[in-house]
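2 protein chains.
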Amino acid sequence: MIPFNKPYKSGKELLFIEDAIQRGKISGNGYYTMACHEFFEARYGFNKCLLTTSCTDALEMAAILINIGPGDEVIMPSFTFVSTANAFVLRGAKIVFTDSMEDHPNMDESLIESLITEKTKAIIVVHYAGMACDMTSIMRIANQHDIFVVEDAAQAVDSFHIDENGIRRPLGGMGHLGAMSFHETKNIISGEGGMLIINDERFIERAEIIWEKGTNRSSFFRGEVDKYGWVDIGSSFLMSELNAAYLFAQLLELEVIQKIRIEQFLEYQGFFKARSDLKTPNIPHHATLNGHMFFLLAGSLKERTEILNDLRELGLHAVFHYLSLHRSPVQSMNHDGRALVNSDRYTDQLFRLPIYPELPYSKVRKILEGYFN
Amino acid sequence: MIPFNKPYKSGKELLFIEDAIQRGKISGNGYYTMACHEFFEARYGFNKCLLTTSCTDALEMAAILINIGPGDEVIMPSFTFVSTANAFVLRGAKIVFTDSMEDHPNMDESLIESLITEKTKAIIVVHYAGMACDMTSIMRIANQHDIFVVEDAAQAVDSFHIDENGIRRPLGGMGHLGAMSFHETKNIISGEGGMLIINDERFIERAEIIWEKGTNRSSFFRGEVDKYGWVDIGSSFLMSELNAAYLFAQLLELEVIQKIRIEQFLEYQGFFKARSDLKTPNIPHHATLNGHMFFLLAGSLKERTEILNDLRELGLHAVFHYLSLHRSPVQSMNHDGRALVNSDRYTDQLFRLPIYPELPYSKVRKILEGYFN
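Protein sequence lines, in the order shown, are assigned to chains A and B.
Residue numbers for the first sequence follow our numbering, beginning at 1 and rising by one.
Residue numbers for the second sequence follow our numbering, beginning at 1 and rising by one.
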């Protein structure tokens, strides 16, 4: 059986973890955390990065930073992982779900403006499969209405948005805040883990406080205050050095990993474009590829179920994902009744094929050739 | 310089981490997570355990489980770490701080009843230095008023409460819910990490859901539902297998670690009892020792500052901790004005000496003998 995912190993992870242990600090905010922060800040020009225990937690930090409270509304796609919504529901927000595009799971930016009310505090953008949403339009709408943009860039490491002038900006680096995931299912991993990206520098000082359990511990260690105490709400958001060491080993191999994954994506795409019965991903013109995910659309839920079962019998583990959040038991009562047909279509018809550096692609190809002919 | 803390290494940590990586699963809820759960459930008879990214997060799970919402009141000591309060403030609770005992930093249970109102939802017990609060009295009060008890057992691994009939119960195992820490400063460590202990079985099913980001993923993997979705609020509370593997290596050495730490505690205690100028810990009659922390009281803030500076010059790193939370910038406006004199006294006068397996005790002893004579 070819598994759906296999966490990448560069070979240096254990060495770096051993070094972290030798350094005598395996809690957070140590040598490897700083090394990872510096890597991201230098490579992508992110203003400030903070490693977290998960992308979920980075989104929770974002919700705290923009002061989400009961009654506030946030707009986000319905076709996304539960954490996109949970992080804001935990702070009391009302989620206003919007539909995906007809030809891509990303949110349809043309629907956003009609959903904005006086209570709207933020738009949560999800770059599905690491492919950019239309950030030019979304940032313009947000700025016009003076609301925040948080980029859920969970899947979007090393991917870019290209604007009409050809300027490339890294995903996670355009909204006021961004969140990335290093869960073992992602391109670059730390086990469980994530990162908050702080683009708007008004948030930097408070972000450090919230990250450190609501204390001014960072100021204390910089000698700015003589003892540290409880100054704000917060949580234990720090990633352990064990995970940061693992992550740093992966970051050193980033280009190798990305190259292989993008090649696999293009292989899949070429294969399926030559066979017309399944819809292949439409890559938005403002998006680059990061090879995070290859997805297809079956003609119906029934067809998808058959395909997944058949492939599994042939030794290939393919999966579907996301159930429209506006129809979930926890949120359906709060939804205003708008039909989100594209979101529901992806819920029923989208599925994903394995994509990771150790994937035996020639075996996969043989299975696919036998099945889709 | 003798450091205040040195994270313990059993020698097997790296081996187990390597094994976790080889098993191909470094996200949460894998082999080592289950091994740790089984260890705690078997050794202490805990009903159900769930490893979390921190003790803070375990407390946040507890706050969600008992449905803390705006307006609810929770009673807790003021002399504690910020996370005890943060976890409940994040859910909207009003914190009602209570004083410590005259002869111990633990909360004074005789003050609790007068603080209970119709809005009181829970008492948060903190077993300071791993020494039991009077759980017989506290559980009786809680049961009479039908409110929950959450044990913040961050420091309390392998420590017990002994009731009037001589029955020993593990700390964290008596309240409706308990939370433990495996931060590198604790006896048994995972880097960053913690654990929720679910004693009241009404909470077990929902705890698994909240732990898995508000999804019924655990039911899905047990075959109880055919797909999993968003059914409740939640977060990404799972500890990575890298940390769980580290933790499991430590658990296998638990008895060795505890023995050394308790010996060090008793050495310190013997040393200072023979010198009458500093107050040594008064161990409550219902408490056992777990050697987590050795603390002393100076006569004043000025004296404490002198002692800590002098010891540092002599090569020994001793530290103070906790600033009364009711006087913190974030909560002082909400406090009702009651004077919490014991909490403030510990804030000014309490300090801690290093205690950990690798501590060179004979060197420490020489420094102490030269200084306190």
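Among the hints, erroneous ones may be present.
Intra- or inter-copy, both count: the list cannot distinguish identical chains.
Said to hold, decoys possible - Cut-off 30 Å, straight-line C-alpha distance, at most; resulting in silico cross-link-like pairs (BS3-like, lysine-lysine):
| # | residue 1 | residue 2 |
| --- | --- | --- |
| 1 | K279 | K119 |
| 2 | K366 | K25 |
| 3 | K94 | K279 |
| 4 | K363 | K6 |
| 5 | K94 | K119 |
| 6 | K227 | K363 |
| 7 | K9 | K94 |
Don't read these hints as lab results, they were simulated from the structure.
These figures come from a predicted structure and were not determined experimentally.
Here is how each hint holds up against the structure:
| no. | hint | result |
| --- | --- | --- |
| 1 | K279 / K119 | neither (38 Å within a copy, 56 Å between copies) |
| 2 | K366 / K25 | between (48 Å within a copy, 27 Å between copies) |
| 3 | K94 / K279 | neither (34 Å within a copy, 53 Å between copies) |
| 4 | K363 / K6 | within (16 Å within a copy, 50 Å between copies) |
| 5 | K94 / K119 | both (9 Å within a copy, 25 Å between copies) |
| 6 | K227 / K363 | between (60 Å within a copy, 28 Å between copies) |
| 7 | K9 / K94 | neither (40 Å within a copy, 47 Å between copies) |
In this structure, the hints that do not hold are numbers 1, 3, 7, in rising order.
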